[in-house]
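Asks: Using the sequences and the hints given, assemble the complete structure.
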Amino acid sequence: MSGLLDKRLIFVTGKGGVGKSTVATALGLLGARSGLRTIVVELAAQNRIRGALAGAVAETFVEEELAPGLFTISIDPEHAMDEYLRVKVGQLGHMLGSSKLFQAFAMATPGMRELLTVGKVWELAQLQRRTRGAAPYDLVVVDAPASGHGLGILRTPRTFAEIARVGPIAHQGEAIATTIADPTFTAVVAVARPEEMAVTETLLLRDALVGDGMALHDVIVNAVYPSRFDADEVAQLRQAVEEAASPLARAAIRAALSEGDRATNQRRQLARLSDGLGERLVELPFVFADHLGQAELEPLADALGAGLATRNGRPRRRRAPAACAAEELT
Amino acid sequence: MSVATLLEGKRICVCCGSGGVGKTTTSAAIALGMAAQGAKVAVVTIDPARRLANALGLEELENEPRLVAPERLRAGGLEVRGELWAMMLDPKRTFDELIERLAPDRRSAEEIFANRVYRELSTAVAGSQEFTAVSKLYELDNEYDFDLLVLDTPPSRNALDFLDAPGRLTSFLEGRMLKAFVRPTGLGMKILGRGSGALAAGLQRVTGVDLLADLSTFFRLLGGMTEDFRFRAGEVEKMLTARTTAFLLVTSAQGEPIDEAIWFRRTLLETGLPFAGAIVNRVHHDLAANATGPPSFGRGEVIAALEEGVGAVLAERIADNFHDYHVLARRDERNIARLTAGSEGRPLMLVPHFDDDVHDVEGLLRVHRYLFASDAERDRMIAEVVA
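Protein chains in written order, with this note's numbering: chain A, 1 to 330; chain B, 1001 to 1387.
None of these hints come from the bench; they were simulated from the model.
Quick caveat, the model's predicted, so the values are computed rather than measured.
Any given hint could turn out to be false.
A partial selection of chain A residues facing chain B, derived with a Cβ cut-off under 10 angstroms [as the list claims (entries may be wrong)]:
hint, residue
1, G111
2, L127
3, R132
4, F185
5, T200
6, V224
7, I253
8, R254
9, S258
10, F286
We put the beta carbon where it would ideally sit given N, CA and C, even for glycine.
Replies: Here it is as structure tokens:
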């Protein structure tokens, strides 16, 4: 019942460089395949998703269909503000939107860019779309910024609601904050790599989210090496590298030993992460490819779907990590 | 070229690049290496996971530089002739300190600290880390006697945030329109004309009375410090463009970080900031290049070379692994070639992809050995890895 794809809104965050965009795109593919009208949202005009799937990079601040049922948009705060003002405040909004003073004021207001961005995300996830003629989405996947700033984006609406107290921004901030905090509607997913620092940052992110009354719905570990050689084989290879008959044989065995070491280190970090979280992880395989295009993303979406399905077969913890850790042991 | 040669006569080294490429580690390794050579060095990091603190054996880094115990580094096998200091930037504290310095009097400072927009939102903003980082750098440059400051820049998706940070705040505060806004009944509004009454009403309608009042106070208070902010931004710009400053690009060899590094380099060159060189981390070196001449080999060839020693089954898996590794090696080679193409003769230093993560002093020292080796030494070290 509480499967990830049952949520309407998914924020994908994690340490820099772990593959957030890749996972967000794979989630999007998965959603579209399940028949959900899905949109993958990029923040701050990156256009990576479109680059990967459509092979072209261009600014698109409008919803664009990449494949049947799979849309993408890049959210830009200025654009989001124009739209918000037009829809919410009508003629006056139009005047404000075209006022240079108001533009400067809004963009210099601390947190306003973040609020406008997350506001547009919220709008995309509404059944009653504010955007004229726009159809609702079943699933909105947000390729959010790295952990620190990603958390900032999730917190901003609440902060505005508290500061403004009354008025439209307070109202809007409260509505967005409530949506984000609703575990039946919104999920936060962390992407990690099986590496020391990424694992540490994921655990810190989990703590910070819990502190804000939220939880990590899933942790997806990206770029996991295959375990190609078992301990006995590694021992055999250590012997063999000394006796290698040719430079090519020696190089190949050294590469195998190196891979063995990396895989072992990764397994250790995976164990640390899953112990720390008290949950099973979703693992995505390392992709040995020049770059990630559709040909590579489709199998990743398969792996993601399989991993999430396995996760869902288990009882989920909600707000009792200690109890869950015990459950893991039994 | 060695980082030591590259940073000769430099007072500031800014490490920049996209997230997850090893900036924090690289910054620490550079600072460590320069301290080892006899300099008094401070490394400034923005490090939410306290990685640097842990690596350097400090329980917690503070918003002021702290000396790293030389025994700690000696234990890792490095004799430090100079001093290594480390600090972790606390954006909120740095912002507060800046306000304390620049506010005309105590009362104005207190008023800003009490303002809810400042209190709740000033550090939640994208760019505020960048702003406080350069601000801190400026103070360290002026008020301490370090020979070298190494700055690990925030993990910004948009590298420009960092370069723009000092200018963005001042250009806004200087704006005539803002002045009009903070004095809604003043001359400014009259100049803006008849539309302004409706504008103020519109603002109120969109934001709500309370928020508008808080924002108005926030801008008025900061606006009072415009001159100081502008002066400081000018000084920071001078500092960053000085000949004694070096911007080092840090990247991994993957496509996207390399794209960003190329873009960042162009931005540095266009804005007149001193781009000194690039460090490429986690490079998969071609293991077959030295073995068979040109880096091309067939699966069958590899299996044939192995079969006798390890048997056919294992040989196949080794060959598959070798093939997969070289997909990455070729990728890295192509990406590095792209980066080299526009480097205008600035050095490019390659650090290999190690078999385990760099997260402790031993790891730092390993990176350090590559960065501080001469070209010949580095080639030899890489040859040892691949041969």
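Asks: Now, for every hint given, state plainly whether the structure supports it.
Replies: Here is what the structure says about each hint:
1. G111: 4 angstroms, holds
2. L127: 25 angstroms, violated
3. R132: This interface hint is violated because 20 angstroms lies over the 10 angstroms limit.
4. F185: 23 angstroms, violated
5. T200: 5 angstroms, holds
6. V224: 14 angstroms, violated
7. I253: Result: holds, 6 angstroms to nearest chain B Cβ.
8. R254: Since chain B brings a Cβ to about 7 angstroms from R254 of chain A, closer than 10 angstroms, the hint holds.
9. S258: Interface hint status for S258 of chain A: holds (5 angstroms vs cutoff 10 angstroms).
10. F286: Cβ of F286 of chain A sits 9 angstroms from chain B, so the hint holds.
Consistency note: the structure conflicts with the earlier hints numbered 2, 3, 4 and 6.
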